[in-house]
Amino acid sequence: SQWGGANRIKVTFKFFVYTFLGSLLMLVSILLLYGMTEDHSFSLASFSKIHFTNPQQSLAFWLMFAAFAVKMPIFPLHTWQPDTYEQTNGATTMVLSGIMVKMGLFGMIRWLFPVMPEASFAWGDVVTLTAIIGMIYASLIALRQDDMKRLVAYSSIAHVGFMCAGLFTQNESGVLGVMIQMFSHGINILGLWIVVDWIEKKTGTRKISELGGVAQKAPALTIAFVIIAFANIALPLTNAFVGEFLIFNGLLGSFTKYYVLYTALAGLCIVLSAAYMLRMVRKVAYGAVKDSVANIVDIDFRHKLALGVLVILILTIGIYPQPILNLTSHASDALVAHFEVIKKAMLK
Numbered sequence: 001s002q003w004g005g006a007n008r009i010k011v012t013f014k015f016f017v018y019t020f021l022g023s024l025l026m027l028v029s030i031l032l033l034y035g036m037t038e039d040h041s042f043s044l045a046s047f048s049k050i051h052f053t054n055p056q057q058s059l060a061f062w063l064m065f066a067a068f069a070v071k072m073p074i075f076p077l078h079t080w081q082p083d084t085y086e087q088t089n090g091a092t093t094m095v096l097s098g099i100m101v102k103m104g105l106f107g108m109i110r111w112l113f114p115v116m117p118e119a120s121f122a123w124g125d126v127v128t129l130t131a132i133i134g135m136i137y138a139s140l141i142a143l144r145q146d147d148m149k150r151l152v153a154y155s156s157i158a159h160v161g162f163m164c165a166g167l168f169t170q171n172e173s174g175v176l177g178v179m180i181q182m183f184s185h186g187i188n189i190l191g192l193w194i195v196v197d198w199i200e201k202k203t204g205t206r207k208i209s210e211l212g213g214v215a216q217k218a219p220a221l222t223i224a225f226v227i228i229a230f231a232n233i234a235l236p237l238t239n240a241f242v243g244e245f246l247i248f249n250g251l252l253g254s255f256t257k258y259y260v261l262y263t264a265l266a267g268l269c270i271v272l273s274a275a276y277m278l279r280m281v282r283k284v285a286y287g288a289v290k291d292s293v294a295n296i297v298d299i300d301f302r303h304k305l306a307l308g309v310l311v312i313l314i315l316t317i318g319i320y321p322q323p324i325l326n327l328t329s330h331a332s333d334a335l336v337a338h339f340e341v342i343k344k345a346m347l348k
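So for the sequence shown, this note's numbering puts the first residue at 1; every next one is plus one.
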């Protein structure tokens with residue numbers, strides 16, 4: 001259907017419930033903060049000057065974190081995403097995955113860390129562990145998917161969990177890596193949705209088991225598909241490698257005593273990412289031409305232009321990342337400087 005799949009009503013209600021409850025939690029957190037401001041203001045500057053007790057700050061932190069966790073989403077508040085992506089049309093899916101999930105990460109950078117820095121530091125281990133458990137869970141589920149949309153959805157959950165863990169390293173490398181990876185993930189996920197949407201429209205199926213031999217019928221599409229898949233698993237010389245390398249470096253340099261465990265588990269997720277992405281590429285693009293693929297022709301100029309721009313961005317950022325590093329380093333430096341002040345105060 002143009003406006004969604006057969007279960008769109010049920011999935012829309014589920015999406016509404018999740019986002020409504022997330023917004024409600026954020027509203028409660030904001031009202032709680034408002035009540036503690038000296039000038040009774042909703043401004044971020046006033047919120048950042050609040051003198052919290054530890055329980056007050058922890059309560060406000062978890063209320064707001066839960067709201068942002070729904071938006072991203074991360075485990076265990078993620079269950080709306082695979083169903084929603086599966087049932088929505090291609091354009092809506094691109095907007096949700098390319099923009100909405102970044103709002104949660106941006107909200108953490110803009111609200112959690114400046115307003116509730118002590119709670120962010122104190123609960124960093126819990127959030128990081130939860131994010132990494134979610135990465136492993138989503139990666140294992142992605143390995144079992146036969147639907148291309150659901151596979152990409154679970155892949156997105158794993159990558160967003162990795163970015164969340166990177167934020168809570170609260171060091172320069174981790175935070176800078178997340179800022180770069182937010183942009184890179186938007187490029188890569190958009191490319192994957194364009195490919196999946198085109199294949200579904202031309203073949204009538206998203207089932208990996210019903211596809212095969214696309215490379216023989218659509219070589220231009222396949223070239224873009226392979227490059228975007230390589231970027232999604234952070235192959236060197238692609239855009240995601242830059243951000244993920246910095247996040248790994250941030251995990252190794254994080255304040256937690258469990259940094260080796262977290263880094264090892266995150267590394268396992270990268271291996272799993274390669275397994276499910278390359279499996280999808282191999283089964284869909286290569287092998288014998290399946291009946292569903294037999295009558296398709298290669299992508300038109302419009303799709304070549306869109307995918308070409310994304311491929312150029314992937315390779316340009318991967319080969320020469322300095323411009324984007326320069327663009328994001330000032331913001332990450334300011335945030336990390338704020339973290340350092342809080343860490344020194346709390347570790348005295």
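Read the hints as simulated data drawn from the structure, not as lab findings.
All figures in this text were calculated on a predicted structure; none of them were measured in a lab.
Incorrect hints may have been included.
As the list claims (entries may be wrong) - Listed next, the in silico DSBU-like pairs over lysine-lysine satisfying Cα-Cα at most 35 Å (straight line):
1. Lys202 / Lys283
2. Lys201 / Lys304
3. Lys304 / Lys290
4. Lys10 / Lys102
How the hints compare with the structure:
no., hint, in the structure
1, Lys202 / Lys283, "holds, 17 Å"
2, Lys201 / Lys304, "holds, 16 Å"
3, Lys304 / Lys290, "holds, 23 Å"
4, Lys10 / Lys102, "holds, 25 Å"
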